[in-house]
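Novice: Every letter in the sequence shown is one number past the one before it in my numbering, and letter 120, counting from 1, is 1411.
Hints are computed from structural coordinates only; laboratory data are not their basis.
There may be inaccurate statements among the hints.
[What the hints assert, rightly or not] Pairwise CB distance ranges (calculated): (1) Pro1390 / Val1410: 16 to 24 angstroms; (2) Thr1349 / Ser1432: 16 to 24 angstroms; (3) Val1410 / Leu1374: 16 to 24 angstroms; (4) Lys1428 / Thr1349: 27 to 35 angstroms; (5) Asn1389 / Ala1303: 25 to 33 angstroms; (6) Leu1374 / Gly1314: 31 to 39 angstroms; (7) Val1391 / Ser1339: 30 to 38 angstroms; (8) Ser1373 / Ala1315: 15 to 23 angstroms; (9) Ala1315 / Gly1380: 27 to 35 angstroms; (10) Asn1316 / Ala1383: 16 to 24 angstroms; (11) Thr1388 / Ser1432: 14 to 22 angstroms; (12) Thr1300 / Pro1382: 31 to 39 angstroms; (13) Thr1317 / Lys1416: 33 to 41 angstroms.
These numbers were taken from a predicted model, which means no experiment stands behind them.
Note that CB positions come from ideal geometry on N, CA and C, so glycine has one too.
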Amino acid sequence: EGVLRRNTTPSAWRTFFNIKPTGANTPFFEFRSGGNAQQIYTDYYNGSDYVTPAASLTTGDFGHAVACYDGSGNIKMYFNGSLVGTKTGVPAFALGTNPVISVGIAYSNDRYTDISAPVVKVYDKVLSATQVEQNYKAYKSRFNI
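Go ahead and model the full structure; you've got the sequences and the hints to work with.
Specialist: Here you go:
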């Protein structure tokens, strides 16, 4: 979960949150912004890409984004309290006991993000649609979303 603000329109994709198992390059799970587009999406990669539908985030604006993996092959992405889409058929993955979390850059390159993220949260459970909406409402007025 994160409250995000786009600062520029990037010329290439930019990762603003990444989590992966210790000592491995894949699999990983991340939020990215799209190259040459004002979009954000969730990506799971293990040699194949599993990408959710994108949400629009205009330069200068804040938004509330949540991605949930349910352990049964589904990643749901929410933006500003609403479900953007679900990616199905995602292979099972485990992060182990000490996952590596990167905020502001992908773990493997120098593509620093174009996103400010004053709030980033990682949960050890799947948030329900009701919980996502409640969290969005809690941040809405604070960040003028």
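Novice: Does each hint fit the structure? Answer for all of them.
Specialist: The hints, checked one at a time:
no., hint, verdict
1, Pro1390 / Val1410: 16 to 24 angstroms, "holds, 19 angstroms"
2, Thr1349 / Ser1432: 16 to 24 angstroms, "holds, 19 angstroms"
3, Val1410 / Leu1374: 16 to 24 angstroms, "holds, 20 angstroms"
4, Lys1428 / Thr1349: 27 to 35 angstroms, "violated, 21 angstroms"
5, Asn1389 / Ala1303: 25 to 33 angstroms, "holds, 30 angstroms"
6, Leu1374 / Gly1314: 31 to 39 angstroms, "holds, 34 angstroms"
7, Val1391 / Ser1339: 30 to 38 angstroms, "violated, 21 angstroms"
8, Ser1373 / Ala1315: 15 to 23 angstroms, "violated, 33 angstroms"
9, Ala1315 / Gly1380: 27 to 35 angstroms, "violated, 22 angstroms"
10, Asn1316 / Ala1383: 16 to 24 angstroms, "holds, 18 angstroms"
11, Thr1388 / Ser1432: 14 to 22 angstroms, "violated, 38 angstroms"
12, Thr1300 / Pro1382: 31 to 39 angstroms, "holds, 32 angstroms"
13, Thr1317 / Lys1416: 33 to 41 angstroms, "violated, 24 angstroms"
Taken one by one, the earlier hints fail for this structure at numbers 4, 7, 8, 9, 11 and 13, listed in ascending order.
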